[in-house]
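Q: Residues per chain are reported as follows:
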Amino acid sequence: MWTQVEAILRQAMTRIAEHIANALPGVLVALILVVGAFLAAAAARALVVQALRGLDFDRRAEHAGFGGLVDWSGLANASDAAGRVIYWAMLVLGLLLSMTALNATLPSQLAMSVFQYVPDLLAALMILVVGAVAAQFLSRSALIGAVNMQLRAARLFAMAVKWLVLLVAVAMALDHLHIGRSILLLAFGILFGGVVLAAALAVGLGARDAVSRALERQMQEPERRDEPVNHV
Amino acid sequence: MASTGSSSSALEPDASLRPADLVVAVTSHNDARSIGAVARAIVEGAGRSFESGAVRLLHADTGSTDGTREALREVIPAGSLVELPHQGGFGGGMPYHGDPGRAHALRQVLRVVQETSARACVVVDAAVQGITPEWVDQLAGPVLQGRADYVAPYFSRHAWEGALTRGIVYPFFRALYGVRLRQPAAREFGCSARLAAHVLEQDIWEGERSPAGVDLSLAAAAVCADFRVHEVALGARGTARAAQADLGTTIAQVVGALFADVERHVEVWQRIRGSTVVAVSGTPAALGAATSGVDPAALVESFRLGYRELREIWARALPPRVIVELRKLADTPAAAFRFDDRLWAGIVYDFALAFAFRVMPHDHLLRSLTPLYSAWLASLLLQVGHAASADLDARVEQVCQAFEGEKRYLISRWRWPERRR
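Residue numbers (this note's numbering), protein chains in the order written: chain R, 1 to 232; chain L, 1001 to 1421.
Think of the hints as simulated: they come from the structure by calculation, not from any bench.
Since the model is a prediction, treat every value here as computed from it, not as a measurement.
Every residue gets a Cβ at the ideal spot worked out from N, C-alpha and C, and that includes glycine.
Hints may be right or wrong, so weigh each one.
[To be verified] One side of the interface only, derived from the structure: several residues of chain R facing chain L at Cβ under 8 Å: (1) T3; (2) Q4; (3) F137; (4) L138; (5) S141; (6) A154; (7) V229; (8) N230.
[As the list claims (entries may be wrong)] Here are the computed distance ranges between Cβ atoms for each label pair: (9) R:S182 <-> L:A1298: 47 to 57 Å; (10) L:R1073 <-> R:G189: 52 to 62 Å; (11) L:R1327 <-> R:M159: 17 to 27 Å; (12) R:S113 <-> L:R1316: 51 to 61 Å; (13) R:L205 <-> L:R1316: 35 to 45 Å; (14) R:L151 <-> L:T1065: 29 to 39 Å; (15) R:Q116 <-> L:P1361: 30 to 40 Å; (16) R:L205 <-> L:D1391: 49 to 59 Å; (17) L:P1361 <-> R:M159: 28 to 38 Å; (18) R:S182 <-> L:V1266: 56 to 66 Å; (19) L:T1065 <-> R:H178: 49 to 59 Å; (20) L:P1361 <-> R:L167: 49 to 59 Å.
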């Protein structure tokens, strides 16, 4: 009986050894890919940060309206943020490639599905970038316009414009990624409905008299279109 | 030139484009209320001063819908008027002066000057009020007598009128191009055929800023090419056209056109130091007492609000030292509110540099200048108030000298942008 047990154990050990021997090159390749990806990501990050700093990217990004995004990232400046994005993208890419080298079905499928998701991810990122630029531009336009109209709440108005555009951009990006679509829609409905209702109540209850006086003035007085002073 | 012919005889009865001594062009956009008076003054002026058939009258309308063309036809005999075709479809917003097709209209007028081999051209805006028959001869005379190529009007104005011209356009134009042309953005002018041919070759007609700034660009093109410039005192000028833009938009359009010309003529203005006096015909009219429509205290408040909310935007264009000065100014009580001339000149130059280096969208940059301009205007009004024209001119002269003095800074920063005060 012991002879049989020994034979079975030997066969098992042989099979395990064979499996390990078969898997070992794949593991080795995966390890090499991971290490290579790590080194390449670190080098790319250093190069990108250095190049962007040389191009005065931090100041330009600040001017273009990416200041808010950089603040969210918790990093000191836009060059570091861009370097960090490159670093992690390359590292994740290396890890996914190394999974396919293992020649296992599940990791390979995971890697493929992640690769298929990349275009959506890039599109969402583009939406965020455009949203951030638009938010900065429109917020500054609103601020300057409100100050020139001598509105005391100019800053508040500009902030409202900025966050509105940013929220819409984030919502669009998440929608593009198919993340929480129905919840997002519901949240937006509640949020905007709430804001409009609050504004209507504020005007209707709080400033009812002022509004009626303004309307009366407008209806009684003839339209005044001429600027009293010619500045040119 | 001088003639005592009848009012209608000076106009060429045949409207075809045959040679003429003088082309008088009326530009209009929805000016049915005022174009009749303008046309009558021109016809009378042409009749008094020019021989029969020596004057060709043009009408360059830019799409009026209020019967402007018909109103003019009632005054000018049929066949004596050349109506230039309207291009239509002008892009962009309405310019501050309310004539969206002005650049195209002026271009057409100057082409007619070339085609008719006219010696001189006079352009008059149909919205102008206070025009007299003498204007035609006053604007055309120096050109026809060979004394000038560009004749600009010199209108008498109260301290609160034309402050953008007094505070920015004139001092900046004078310091940069070295010519003391007081109203370079004026919409009435006279010019020679030589100048017309020159400006038609310039790239001032189709830019984003040409609808609002073509008159300014034309004056800049004239002085940069060393054409002889002359001024005529034409009295007071009013306009029948309602303002089409708020102050921020007006500043963005006028100052934007001024700054765009800076980039266009960079080789010229960097070589110029000081400025030369422009000969003036006539005596500036003394203005009667009038009430200002501007409250300096409100302007100071507007500046304070601007300082509180826009200083981060200003800091992108202005050096830190200037921001500190502005903070001090914002803390100053209204009674003692004074805007230093050199500080003001430096600010305008810094905005011109920021415009050239595109530190932010042009529209944002130019509109953010509004509270600073309000502060300067408040300071001017608090200093001169209802003073006589001579005192006002003396005050503006001080501002101009500050601009000339600070020009070194502009040149230095233009050449070495990283340098800061």
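Q: Would you mind marking each hint as holding or not holding in the structure?
A: How the hints compare with the structure:
1. T3: 88 Å, violated
2. Q4: 85 Å, violated
3. F137: 7 Å, holds
4. L138: 11 Å, violated
5. S141: Status holds, d = 7 Å.
6. A154: 5 Å, holds
7. V229: 5 Å, holds
8. N230: Holds - the Cβ of N230 (chain R) comes within 8 Å of chain L, reaching about 6 Å at its closest.
9. R:S182 <-> L:A1298: 47 to 57 Å: 52 Å, holds
10. L:R1073 <-> R:G189: 52 to 62 Å: 60 Å, holds
11. L:R1327 <-> R:M159: 17 to 27 Å: 23 Å, holds
12. R:S113 <-> L:R1316: 51 to 61 Å: 45 Å, violated
13. R:L205 <-> L:R1316: 35 to 45 Å: Roughly 41 Å apart at Cβ, these two residues keep to the hinted range, so it holds.
14. R:L151 <-> L:T1065: 29 to 39 Å: 34 Å, holds
15. R:Q116 <-> L:P1361: 30 to 40 Å: 39 Å, holds
16. R:L205 <-> L:D1391: 49 to 59 Å: About 54 Å separates the Cβ atoms of L205 (chain R) and D1391 (chain L), which means 49 to 59 Å holds.
17. L:P1361 <-> R:M159: 28 to 38 Å: Hint violated: Cβ distance 19 Å, outside 28 to 38 Å.
18. R:S182 <-> L:V1266: 56 to 66 Å: 59 Å, holds
19. L:T1065 <-> R:H178: 49 to 59 Å: Cβ of T1065 (chain L) to Cβ of H178 (chain R): about 52 Å, so the range 49 to 59 Å holds.
20. L:P1361 <-> R:L167: 49 to 59 Å: 23 Å, violated
Of the numbered hints listed earlier, those contradicted by the structure are 1, 2, 4, 12, 17, 20.
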